[in-house]
Amino acid sequence: MSTPLRALVVDDETLARQLLVEYCSAHGDIEVVGQCANGFEAVAAVEALTPDLIFLDVQMPRLNGFEVLELLPDPPLVVFVTAHDEFALAAFEVHACDYLLKPFDQQRFDGALDKVRERRAGQRHVDAREYAALHDAARAPEEYMGRVAVRRGGRVEVLAVADLDVLQAKDDHVALHVGGDSWLKQGTLSGFERRLDPALFVRVHRSWILNLSRLSAIEALSKDSHEALLHDGRRVPVSKSGHKRLKEALE
Amino acid sequence: MKPTSSSGPLTLRRCAVAWAPLMGLLLVAFEDGSASWTDRGVAALPCALSLPFLCLGFWWAAEMNPVHSAPDRRLWLTHAAGAITGSAIWFALSVGAVRAISGPDSGPSALLSNHRTWLLLLGVIAYLIVLLVHSLLAAQRVGAEQSLRQEESLRLAREAELAALRLQIHPHFLFNALHSISALTTLQPGRARDMTVCLADFLRRNLRLGDRPAVTLTEEFELVDDYLALEELRFGERLQVVREIGPDLDHALLPPLLLQPLVENAVKHGLSSLTGAMTLALTARREGSELVLAVENDYDPNAATEQLGTGLGLANTRARLGRVRGDGNGLTVTDEGGRFRVELRLHLEGGRP
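As you go down the protein sequences, you meet chains A and B in turn. Oh and the first sequence: position 210 is 210 in my numbering, straight run, nothing missing. Oh and the second sequence: position 5 is 256 in my numbering, straight run, nothing missing.
What the hints contain is simulated information worked out from the structure, not anything from laboratory work. Predicted model, so just to flag it, every value in this text is computed and none were measured. Errors might be hidden in some of the hints.
[To be verified] Covered by chain B, according to a simulated footprint, are these stretches of chain A (three or more residues, beta-carbon under 8 Å):
id : segment
1  : 15-28
2  : 220-226
[As the list claims (entries may be wrong)] DEER-style ranges, computed between Cβ atoms:
id : chain 1 : residue 1 : chain 2 : residue 2 : range
3  : B       : Thr534    : A       : Ala175    : 34 to 42 Å
4  : A       : Leu184    : B       : Arg463    : 27 to 35 Å
5  : A       : Asp181    : B       : Glu488    : 33 to 41 Å
6  : A       : Glu31     : B       : His423    : 29 to 37 Å
We put the beta carbon where it would ideally sit given N, CA and C, even for glycine.
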């Protein structure tokens, strides 16, 4: 007999949490170690309690279930709980252990737990970047990113995308520069490029994406290389193809 | 609108009206310095009497070969042939009649043959005038039919739109409410039963009210209360509701399901940006001859929220109000310091907007 699964229940509705706890109580190998009423609590609780499994509501105030996962460097196994079936269910099946559509009964819940146990036995590791891709897949294709969840230590912030000045590739992270501050977020610059509104953001360089509203001037350094000057005085390198894209976007 | 003896654009009675001026015209035309008034009268009378009848025939020809539908060469040739034949028949009839009355070599017969070209031309002109009048009337008729059809399709579109606006129950609301009730069945069975009834009431009211042109404020608030009872079940302390309903407004009338979608938007808007509690304020008051309804919620203006699609809901409400009021001043949105307020104004007429 393996050690019990330590589970965290995350839902902004009290009754929904109570129901999950009740369904869990039918299983001897599950221990509910905590309950959270929103995404911020969930990020902190995963850090503090290191659960094996989260039951995660998708629609929550300010920080949704996908964004919670994006912020966890080493996310536990996940079962999504939602009333919305328009999310890409196929993506759920690949990346999450299971998804439970509200309302669901004990039998359906037990089925989800079976999948969790299988996944645990297989020990397949899913990292935050995959969840970011999942979040991407679940988004309607014509919809651009409106906000981005970031964290530094225990502090979680949800930034409006319009507030970003520049984005800079840094290894397997992207640095989001906002005002004088900057936040590191797991992911690739290309991933961001796809999700950002091209009318507002332009990839000016292999390592840089620029918020057009921050652009003050473009200066030529040589025939093929330019530099973008921002309102706050920051200088951002502009490659040859980046310069072409920038000119197209400004037309 | 085919010409008949009693109605239509060209009737016997109208033909008769044409006789007098035709007579006059022909009397003047036959003046050649030598012909007597009698000769001219005898020559003119059969021409004037028969032409209007022939015009009835011309009308029939125009009706059979209408000019308004993309005229081509064949059509013009048909009408040219019609005009010449018609004119010739008229001339032949007139000559026949005059000869029968006064003999082949009489003065009137001579008048007709002397004015042969002129009379044939007059016949052609008469044909063309009939054709022109017919085309104008037909075009007018087509225009009227078109605008009637347009009006009809507009009316249908409006009805469909209204039906869509009325059917505002969101499936996610239902799924979440059912999930909460399912949780209650073991925790608080009595309350689970109450909430089941509440949900059924909400659905029934939605169906019933949506079919009516207007509902009373009391009825609309019963629906809103059912909705809020279910949301309070889900969100508990996080949803605080304050109501302020003025006196004597119970029987004020308003379009059905106007308030409930706004309340739903307010709850979603507030709860999606606040991790703590939100306050929802509902007010109804009389202001002069107007019923003023307001739905107000607090939210965190600094929270970067996902798109909720409230803008579209508000546009729908604005459109519905505009249709009832006849102007665009029925809806006011104020968004200040974390309070989002939607105000509706409806005309009260003797307590009935």
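Glutamate 31/A and histidine 423/B, beta-carbon distance inside 29 to 37 Å? 31 Å, holds
Does 27 to 35 Å hold as the CB distance between leucine 184/A and arginine 463/B, or does it fail? Given range 27 to 35 Å: violated, Cβ gap about 58 Å.
Coverage of the segment 220-226 of chain A by chain B (three or more Cβ within 8 Å): Violated - the segment 220-226 of chain A has 0 residues with a Cβ nearer than 8 Å to chain B, which falls short of three.
Using the C-beta atoms of threonine 534/B and alanine 175/A, is the stated range 34 to 42 Å upheld? Since threonine 534/B and alanine 175/A have Cβ atoms about 48 Å apart, the given range 34 to 42 Å is violated.
Within the segment 15-28 of chain A, is the number of residues with a Cβ closer than 8 Å to a Cβ of chain B three or more? Contact hint for the segment 15-28 of chain A vs chain B: holds, 5 residues under 8 Å.
Using the beta carbons of aspartate 181/A and glutamate 488/B, state whether their distance is inside 33 to 41 Å or not. 34 Å, holds
Of the numbered hints given earlier, the model fails hints 2, 3, 4; all others are met.
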